[in-house]
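Participant: Residues in the sequence shown are numbered from 0 upward in steps of one, following numbering that gives the first Met the number 0.
Be aware that one or more of the hints could be misleading.
[Unchecked claim] Below are the DSSO-like pairs computed for lysine-lysine, each with C-alpha atoms no more than 30 Å apart in a straight line:
(1) 309 with 201
(2) 192 with 222
(3) 177 with 192
(4) 222 with 170
(5) 25 with 177
(6) 309 with 17
(7) 38 with 131
(8) 25 with 108
(9) 170 with 38
(10) 299 with 25
(11) 123 with 1
(12) 170 with 309
(13) 132 with 25
(14) 186 with 299
(15) 25 with 222
(16) 150 with 385
(17) 108 with 131
[Said to hold, decoys possible] Just the calculated beta-carbon pair ranges, DEER-fashion:
(18) 306 with 93: 20 to 28 Å
(19) 264 with 45: 44 to 52 Å
(20) 174 with 13: 35 to 43 Å
Hints in this document: simulated from the structure, not taken from any laboratory. All C-beta atoms in this analysis are idealised placements derived from N, C-alpha and C, irrespective of residue type, glycine included.
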Amino acid sequence: MKPFMDENFLLSTPTAEKLYHDFAAKQPILDYHCHINPKEIAQDRQFENITQVWLGGDHYKWRLMRACGVDERYITGDASDEEKFYKWATVLGKAIGNPLYHWSHLELKRYFNYDGILNEHTAKEVWELCNKKLAEPSMSVRSLIRQSNVKLICTTDDPIDSLEWHDFLAKDSSFAVKVLPTWRPDKAMNIEKPDYRDYLKKLSAASGVDIFSFETLKEALRKRMDFFASMGCTVSDHGLEHIMYEPVDEDAVEDIFTRRFSVKPISHLDELQFKTAFLQFAAEEYSKRGWVMQLHYGAKRDGNTIMYNKLGPDSGYDCINNHAPTSQTVEFFNALVMKDALPKTIIYSLDPNDNASIGTIIGCFQDSSVVSKIQHGSAWWFNDTKQGILDQLSSIANLGNLSGFVGMLTDSRSFLSYTRHEYFRRILCDYIGGLVENGEFPADMDTLSEIVTDISYHNAVRYFGFDL
0 MKPFMDENFL LSTPTAEKLY HDFAAKQPIL DYHCHINPKE IAQDRQFENI
50 TQVWLGGDHY KWRLMRACGV DERYITGDAS DEEKFYKWAT VLGKAIGNPL
100 YHWSHLELKR YFNYDGILNE HTAKEVWELC NKKLAEPSMS VRSLIRQSNV
150 KLICTTDDPI DSLEWHDFLA KDSSFAVKVL PTWRPDKAMN IEKPDYRDYL
200 KKLSAASGVD IFSFETLKEA LRKRMDFFAS MGCTVSDHGL EHIMYEPVDE
250 DAVEDIFTRR FSVKPISHLD ELQFKTAFLQ FAAEEYSKRG WVMQLHYGAK
300 RDGNTIMYNK LGPDSGYDCI NNHAPTSQTV EFFNALVMKD ALPKTIIYSL
350 DPNDNASIGT IIGCFQDSSV VSKIQHGSAW WFNDTKQGIL DQLSSIANLG
400 NLSGFVGMLT DSRSFLSYTR HEYFRRILCD YIGGLVENGE FPADMDTLSE
450 IVTDISYHNA VRYFGFDL
């Protein structure tokens with residue numbers, strides 16, 4: 000029996016152990032997609048207790064607690080932080096097979112030097128230990144980032160954002176880690192939302208452009224892209240139901256926009272046609288600017304109306320939506336290729352059944368301009384489990400170029416989540432080590448170490464073009 004989460008955790012062969020300890024573990028972290036707040040970095044926030052770090056806004060943990068029958072008062076309600084932590088500890092103690100068990104214990108090991116087990120019996124001990132540690136200067140937000148060996152962070156930012164905290168950090172010579180904005184224009188694209196016109200007013204104010212048509216909307220977005228670029232932005236991100244392709248001519252798009260702007264009804268087909276035009280415009284702009292386009296899709300959001308009305312979005316009531324028409328994705332990319340306007344693109348689907356489809360789609364659009372120009376994004380959200388990561392890695396290897404993969408991200412709101420990179424790297428090394436030990440790839444350590452270090456760090460630096 001192997002010890003619980005020892006130094007060779009998840010590493011089942013000698014080759015895997017060597018690849019991880021000698022190569023992968025030593026690589027810095029490039030977190031090119033996350034949801035952390037740049038203000039908290041700028042102000043170097045110090046957390047008061049472990050509940051603030053672990054349970055505040057973490058819908059992964061909230062879902063597990065609900066599944067275990069915990070009353071909402073101890074999840075998002077008015078219970079004290081200490082009471083919420085004790086409930087979480089009780090739940091975690093039996094979370095066998097859940098990645099949260101691994102993530103939580105990795106965080107306890109790496110940031111709090113705790114090698115024990117968190118459960119209902121140890122909750123008080125861990126609560127006191129963690130809170131005492133969090134009071135130390137070494138546990139401020141900036142210190143956590145530094146000790147995690149993070150070199151660069153890309154946050155997620157709306158076109159109307161002032162980016163004042165990014166500006167503050169860029170001018171702060173005491174903090175060497177780059178914190179760059181990511182362009183996330185979902186609110187400008189989601190024409191069907193009830194507050195769409197209200198959002199356009201905010202975008203008009205931010206851009207200085209009076210928005211009354213699709214053309215003026217595009218003008219406003221270009222101006223904001225220019226501003227984001229001046230702040231170091233080279234990455235975009237879109238949250239989609241699926242990649243749609245319902246093209247119509249410019250007059251038809253203007254008619255859809257005008258009807259919506261005039262508070263007249265639009266159909267679902269109108270919505271898809273407008274979003275097709277919007278996404279084509281955005282992609283063409285990204286191509287001109289050399290930006291990377293990230294496309295996240297396959298989520299059915301806010302499935303529980305009662306709880307959405309009570310708690311709002313991002314509260315743990317989302318699920319996988321298994322509707323991703325491959326033909327439309329291919330047609331969308333092909334339309335961009337025909338204009339020589341397909342940017343570097345990373346595709347993420349929340350549905351693991353899309354892995355093979357994505358692998359074949361991206362193979363249609365690779366070219367010699369950059370290694371693996373179109374990427375199958377890392378196992379996302381419900382898929383960043385041990386099995387989900389393995390499935391995504393093996394799918395890339397089976398259908399494309401695993402050695403060119405840009406690797407892991409946190410996609411997190413937590414400053415302790417950098418251990419997810421360790422989790423990923425251990426699984427990566429075990430997967431590759433297993434191929435070698437099984438005689439499926441030669442034991443050429445020069446090549447193997449290059450593949451592992453590239454996926455862990457170097458590929459992302461090259462792909463995104465970050466100056467590090």
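Participant: Decide, hint by hint, whether the structure agrees.
Facilitator: Okay, the hints, checked on the actual structure:
Of the supplied pair hints, the one linking residue 309 and residue 201 holds, its CA atoms being roughly 26 Å apart against a limit of 30 Å. Taking the CA atoms of residue 192 and residue 222, the gap is near 23 Å; set against the 30 Å cutoff, the hint holds. For a cut-off of 30 Å, the pair hint linking residue 177 to residue 192 is broken: about 34 Å separates their Cα positions. With a C-alpha separation of about 23 Å, the suggested pair residue 222 and residue 170 falls inside the 30 Å cut-off, and the hint holds.
At roughly 19 Å between alpha-carbon atoms, residue 25 and residue 177 fall within 30 Å of each other, so this suggested pair holds. At roughly 50 Å between alpha-carbon atoms, residue 309 and residue 17 are farther apart than 30 Å, so this suggested pair is violated. Distance restraint check for residue 38 and residue 131: the Cα-Cα separation of roughly 24 Å lies within the 30 Å cut-off, and the hinted pair is therefore satisfied. A hinted pair counts as satisfied when its Cα atoms are at most 30 Å apart, and residue 25 with residue 108 qualifies at roughly 17 Å.
With a C-alpha separation of about 14 Å, the suggested pair residue 170 and residue 38 falls inside the 30 Å cut-off, and the hint holds. The straight-line distance between the Cα atoms of residue 299 and residue 25 is roughly 38 Å, outside the 30 Å bound, and the hint therefore fails. For the hint linking residue 123 to residue 1, the alpha-carbon distance of about 28 Å falls within 30 Å, and the restraint holds. Proximity of residue 170 to residue 309 is assessed by CA-CA distance (about 40 Å); at most 30 Å being required, the pair is judged violated.
Of the pairs offered as hints, the one joining residue 132 and residue 25 holds, with about 25 Å between alpha carbons and a cut-off of 30 Å not exceeded. Proposed proximity of residue 186 and residue 299 is supported: the alpha carbons are some 17 Å apart, at most 30 Å. Proximity of residue 25 to residue 222 is assessed by CA-CA distance (about 41 Å); at most 30 Å being required, the pair is judged violated. This hinted pair checks out: residue 150 and residue 385 have alpha carbons roughly 25 Å apart, not beyond 30 Å.
Restraint check for residue 108 and residue 131: satisfied, since their Cα atoms lie roughly 15 Å apart, inside the 30 Å limit. The beta-carbon spacing between residue 306 and residue 93, approximately 24 Å, falls within the hinted interval of 20 to 28 Å. Distance hint check: the CB atoms of residue 264 and residue 45 are about 50 Å apart, consistent with the given range 44 to 52 Å. The supplied range of 35 to 43 Å is met by residue 174 and residue 13, whose beta-carbon atoms lie about 40 Å from each other.
Of the numbered hints given earlier, the model fails hints 3, 6, 10, 12, 15; all others are met.
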